[in-house]
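*Asks:* Read off the chains here:
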Amino acid sequence: MVSKSQDRDIHEYLAELEDIPGTRVFTAARARKGYWLNQFAMSLMKPENREAWKADERKYLDRWPMTDEQKEAILARDYNRCLDLGGNVYFLAKVFSTDGLSFAEAVSTMTDMSFPEYRDMMMKGGRSAQGNRSIKANLASATAENNKGVN
Amino acid sequence: MARITAGVGSSHVPLLGVAVDQGKTEDEYFGPIFKGYEWTKNWEKEEKPDVIILVYNDHASAFDMKFIPTFAIGCSESYKPADEGWGPRDVPDVEGHPDLAWHIAQSLILDEFDMTIINEMDVDHGLTVPMSMMYGQPEKWPVKVVPLAVNVVTYPVPSGNRCWALGEAIKRAVESFPEDLNVQIWGTGGMSHQLQGPRAGLLNREWDNKFLDLMVGDSDAARYIPHIEYLRETGSEGIEMVMWLIMRGALGKKTKCLHRHYHIPCSNTAIGHIVLEPDN
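Heads up: the protein sequence lines correspond to chains A and B, in order.
In case it helps, the working numbering puts the first sequence at residues 1 to 151.
In case it helps, the working numbering puts the second sequence at residues 1001 to 1280.
Extracted from the complex, chain A is given alone in its bound form:
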């Protein structure tokens, strides 16, 4: 149930968003950190910018006040790292679209699967929510399992 606004604690709300395994929710903190990374990616919506980017990626990146870490992550196409540094997938999509990658292929690079393995998983009904809902719940059940072994 939704709680009345006077009962809601914003810190609890934000903490819960960090409790999902393998997921970086695009919170204000990430949006702030990734502002220029996302604005750079957005610039690739213009054909002339795509050309300049393709001609010299490093030079094009140096036009933007991004951190060195962000630039390295983009050059390496390390999308998980980009997410950690405040990137959002809808913005990063401009980069992988410019590379000629489909959404599915680009997304698969963030998982521990190859693209054919990822595609196969999707054909079989996708990744299950089972065991993927909560970091805390997973830790608690792992601890319970371990304790069982001890007793």
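Treat the hints as calculated values from the structure; they're not laboratory data.
You may find that some hints are simply not true.
Unchecked claim - Where chain B lies over chain A, by a calculated footprint (3+ residues, C-beta under 8 Å):
(1) 30-43
(2) 56-67
(3) 100-111
(4) 117-125
(5) 129-140
Stated by the list, open to error - So these bits of chain A aren't anywhere near chain B, every CB distance computed over 10 Å:
(6) E16
(7) T27
(8) K71
(9) E72
(10) A76
(11) E145
(12) N146
A virtual CB, placed ideally from N, CA and C, is assigned to each residue, including glycine.
Based on these hints, arrange chain B on the given structure of chain A.
*Replies:* This is chain B only, laid out in the frame that chain A set:
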């Protein structure tokens, strides 16, 4: 008087636009998806709505990080398809209905919703893919559109309850527009999907179908689903389903289901759609 005659909930997967544009709608992969829309395509031909209030989210196309409106309404004469990084889709421009849009904007603001008014923008796959699913590839779209964009990207996104209430306010706004118009409201996007991180590829058939169940009848339980439940159960981008609640809220207390379809997978997502009629 204008009236809302029906609501449509539909996913808006970009790959479906590619399938339409490249003539792949009947192949083995896409066939079952497009078959599910056949009923709706035929029904739309009969219904001939004058205007669609099309609730969707912009995927970093018209809006970058400079401005992040929670609720925005398009009041323009027309909208061009956006270049999303691979050139604009070859689909007709979308014709707006500025008089109705401005009327709705005024009514919503007086109803205490802080709407952002948009006079110029391009529209991305979030809006054009559902149009293609319902109308195929016409020379000109047979309907006018009032785009209503919702921020479901940067947190916090609006609550389900707020979305439902916005739908209720849209119903009041439409019903106070003097012209005799057949208006539909579409809620687009959604069903389970996660496009990012090591958990990418999450699909949840059971939860999605429970959500579709909640669209039908007189229950308003869906408006109280918290963000965290969408995120845990349906993936990070499954949050788009809050946009269906604007559509559902605009149909009044009770709805009747005319058509329902669900399929897994389409690219990274589950795809679902539902056609509802107010039953009050």
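*Asks:* Against each hint, give a clear statement of whether it holds in the structure.
*Replies:* Results for each hint:
Under a criterion of three residues with beta carbons nearer than 8 Å to beta carbons of chain B, the stated coverage of the region 30-43 of chain A is upheld, 6 such residues being counted. Chain B is given as covering the region 56-67 of chain A, and this is violated because 0 residues of the stretch bring a CB closer than 8 Å to a CB of that chain, at least three being needed. Closer than 8 Å: that is the beta-carbon criterion, and the region 100-111 of chain A has 7 residues meeting it against chain B, so the requirement of 3 holds. With a threshold of 8 Å between beta carbons, the proposed coverage of the region 117-125 of chain A by chain B holds, since 5 of its residues qualify and at least three are required.
Look at the region 129-140 of chain A against chain B: 4 of its residues bring a Cβ nearer than 8 Å to a Cβ of that chain, three or more, so the hint holds. Its beta-carbon lying about 5 Å from the closest one in chain B, A:E16 breaks the requirement of being farther than 10 Å from that chain. With 10 Å as the threshold on Cβ separation, the claim that A:T27 sits away from chain B is violated: the shortest Cβ distance comes to roughly 5 Å. The Cβ of A:K71 lies farther than 10 Å from every Cβ of chain B, with a closest approach of about 18 Å, so its non-interface assignment holds.
Interface exclusion of A:E72 from chain B stands, the closest Cβ pair being 19 Å apart, more than 10 Å. Distance to chain B confirms A:A76 as a non-interface residue, since its nearest Cβ pair spans about 16 Å, more than 10 Å. Remark: the non-interface label on A:E145 is consistent with the geometry, its nearest Cβ contact in chain B lying 21 Å away (cut-off 10 Å). Chain B leaves A:N146 outside its interface by the beta-carbon criterion, the shortest separation being 23 Å against a cut-off of 10 Å.
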